[in-house]
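Chemist: Each chain is listed here by its residues.
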Amino acid sequence: MTPAQRRLALGCGAGALVIGWVTGVILPQAAAVAALRPNVRQLQQDLRDLRRQTAELPQWTQRYEALRTELQASPRLLAQERLPALLDQLAAAAKAAGLAVEMARPAGPKTPSKSAPNRGAADGAALEYAVIPLEILGRAGYHDVGRFVEALEAAQPLCRVEALSIEADRRDPLHHRVALVVRAYLAVTPL
Amino acid sequence: MILVNLLPQGLRRARRWSFAAVTVRQGAVGVVAALGVVTIGLGFWRVGLASAHRRLDAEWKGLQATRSQVAEARDRLQTLERQAGQLTRVRATSPQWAPRLNLLSDALVPGVWFTRLTVEPVEAKRPAKASSKGKKGRTPPAVAADRRIQLLVAGTALIPDGGAPSPLAALLRSLKQQPEFTRSFEAVELKDVERRKLGPLDVSDFVLRFDVREPSVSSTR
Numbered sequence: 002m003t004p005a006q007r008r009l010a011l012g013c014g015a016g017a018l019v020i021g022w023v024t025g026v027i028l029p030q031a032a033a034v035a036a037l038r039p040n041v042r043q044l045q046q047d048l049r050d051l052r053r054q055t056a057e058l059p060q061w062t063q064r065y066e067a068l069r070t071e072l073q074a075s076p077r078l079l080a081q082e083r084l085p086a087l088l089d090q091l092a093a094a095a096k097a098a099g100l101a102v103e104m105a106r107p108a109g110p111k112t113p114s115k116s117a118p119n120r121g122a123a124d125g126a127a128l129e130y131a132v133i134p135l136e137i138l139g140r141a142g143y144h145d146v147g148r149f150v151e152a153l154e155a156a157q158p159l160c161r162v163e164a165l166s167i168e169a170d171r172r173d174p175l176h177h178r179v180a181l182v183v184r185a186y187l188a189v190t191p192l
Numbered sequence: 123m124i125l126v127n128l129l130p131q132g133l134r135r136a137r138r139w140s141f142a143a144v145t146v147r148q149g150a151v152g153v154v155a156a157l158g159v160v161t162i163g164l165g166f167w168r169v170g171l172a173s174a175h176r177r178l179d180a181e182w183k184g185l186q187a188t189r190s191q192v193a194e195a196r197d198r199l200q201t202l203e204r205q206a207g208q209l210t211r212v213r214a215t216s217p218q219w220a221p222r223l224n225l226l227s228d229a230l231v232p233g234v235w236f237t238r239l240t241v242e243p244v245e246a247k248r249p250a251k252a253s254s255k256g257k258k259g260r261t262p263p264a265v266a267a268d269r270r271i272q273l274l275v276a277g278t279a280l281i282p283d284g285g286a287p288s289p290l291a292a293l294l295r296s297l298k299q300q301p302e303f304t305r306s307f308e309a310v311e312l313k314d315v316e317r318r319k320l321g322p323l324d325v326s327d328f329v330l331r332f333d334v335r336e337p338s339v340s341s342t343r
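Heads up: the sequence lines are chains D and X, in that order.
Quick note on the working numbering: the first sequence kicks off at 2 and runs consecutively.
Quick note on the working numbering: the second sequence kicks off at 123 and runs consecutively.
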């Protein structure tokens, strides 16, 4: 073998050794490091977030309790049980306004939604409050109805007049037949 | 020309390093050393990362109870906050009838009386479609529908003798003069006017239709 050939063989051997080292040792190491790094970073971030959230937990609880009191929210299962109190509240408002209630009862929704008849919904996105329609029949003067509707619209829980009918009665011109459909919106907690 | 450097060896400027001066053996040693440093560095880095990963993972798993507690508290708060927002929107968007009833009673003029007043939601009113030019086959985005509510007021008005102004016209004028009218109603239409005798008086029965628009909850977001 001539010296030139020997140099060529040595060079090729050294090159192959370097390539083998890089591909067999360095690249797998680098791949392992690249795979581990984002996981470690993610874990560090998650732990940081968790520590921050744990520190905020008392504030969250405070805010939750404040909102629950403000909205008079109760567990979903108890939403229907609030109905008697709600009817009492409406009857008291009616009495104060001068509306003589003949009947107040839960009413079926006028346009029932197939998916969730007693739940607020818009654009397919389910809303999280319970809607209870109530029907109120009574007799009152026009201004008494106005006062009652005003009290109703300022009431807590939120109530809105869905339908209203005031019909004059020839036998009693001062007291009209009144029919109202009211929607009461009750906030419910997940529990 | 031959230049002769007469400076002593110690005072001469060092010759600049040249790649050509590097021998094959020196090059090989350098490459092997560099590869070794990279390999060792990567190895240390990998071991450090693996150990950190194990430690953080153990810590993360150890905080399982705290995590579920935090997640539950966050979900509960988010639910109530969502509800509060939705109820606020319902409060803001759904029409209030007390001021409208007041407006009607304030606008009433002598010679007109109402016999029936009905409020009923009519139908969902879809907003006008956007131009469909060049948009064949593209599904339009789901748009919330505003609700149209009708207030129908049936009543009776006296028909005055001679050229006296009509109380019905005075009622419509009085309604439209109310500052709240345009804010309360979208439109008012007089329909089904029917003349009849009421004892010795000439009267006309009429129906006034007021339109009220209730924006959808989602369109106000």
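The hints are simulated quantities; they were obtained by calculation from the structure and are not laboratory data.
Hints are supplied without guarantee of correctness; some may be wrong.
Simulated DEER-style distance windows between Cβ atoms [stated by the list, open to error]:
no. : chain 1 : residue 1 : chain 2 : residue 2 : range
1   : X       : R137      : D       : A5        : 26 to 32 angstroms
2   : X       : A193      : D       : V26       : 40 to 46 angstroms
3   : D       : Q60       : X       : T161      : 24 to 30 angstroms
Cut-off 20 angstroms, straight-line C-alpha distance, at most; resulting in silico cross-link-like pairs (EDC-like, lysine to aspartate or glutamate) [stated by the list, open to error]:
no. : chain 1 : residue 1 : chain 2 : residue 2
4   : X       : K183      : D       : E151
5   : X       : K298      : X       : D283
6   : X       : K183      : D       : D47
7   : D       : K96       : D       : E154
8   : X       : K298      : X       : D268
9   : X       : K298      : X       : E308
10  : D       : K96       : D       : D50
11  : X       : K313      : D       : D173
12  : D       : K96       : D       : D173
Below, a sample of chain X positions facing chain D; criterion: calculated Cβ distance under 10 angstroms [as the list claims (entries may be wrong)]:
no. : residue
13  : V192
14  : E194
15  : L209
Think of the CB as a built atom: it goes at the ideal place given N, C-alpha and C, for glycine as much as any other residue.
Chemist: Could you check the hint for me, namely that X/R137 and D/A5 are 26 to 32 angstroms apart, CB to CB?
Modeler: With Cβ atoms ~29 angstroms apart, the hint holds.
Chemist: Do the beta carbons of D/Q60 and X/T161 sit within 24 to 30 angstroms of each other?
Modeler: violated, 50 angstroms
Chemist: Has the hinted range 40 to 46 angstroms been met by the Cβ atoms of X/A193 and D/V26?
Modeler: About 43 angstroms separates the Cβ atoms of X/A193 and D/V26, which means 40 to 46 angstroms holds.
Chemist: Under the criterion that the straight-line Cα-Cα distance not exceed 20 angstroms, is the pair D/K96, D/D173 satisfied?
Modeler: Holds, at roughly 19 angstroms.
Chemist: Under 10 angstroms, Cβ to Cβ, is where X/V192 needs to be relative to chain D, so tell me if that hint holds or is violated.
Modeler: Holds - the Cβ of X/V192 comes within 10 angstroms of chain D, reaching about 5 angstroms at its closest.
Chemist: Taken at face value, is the distance from the CA of X/D268 to the CA of X/K298 at most 20 angstroms?
Modeler: violated, 24 angstroms
Chemist: For the pair supplied as a hint, X/K298 and X/D283, confirm whether the alpha-carbon distance does not exceed 20 angstroms.
Modeler: Given that 20 angstroms is the threshold and the Cα spacing comes to 25 angstroms, the pair is violated.
Chemist: Between the alpha carbons of D/K96 and D/E154, is the straight-line distance 20 angstroms or under?
Modeler: holds, 16 angstroms
Chemist: Is the Cα-Cα distance between X/K313 and D/D173 20 angstroms or less?
Modeler: Given pair X/K313, D/D173 is violated - Cα atoms ~27 angstroms apart, limit 20 angstroms.
Chemist: Run the distance test for X/K183 versus D/E151: straight-line Cα separation, threshold 20 angstroms.
Modeler: violated, 56 angstroms
Chemist: Closer than 10 angstroms between Cβ atoms is the bar; does X/E194 clear it against chain D? Give me holds or violated.
Modeler: holds, 9 angstroms
Chemist: Given the hint that X/K183 pairs with D/D47, test it: the Cα-Cα distance must not exceed 20 angstroms.
Modeler: holds, 12 angstroms
Of the numbered hints given earlier, the model fails hints 3, 4, 5, 8, 10 and 11; all others are met.
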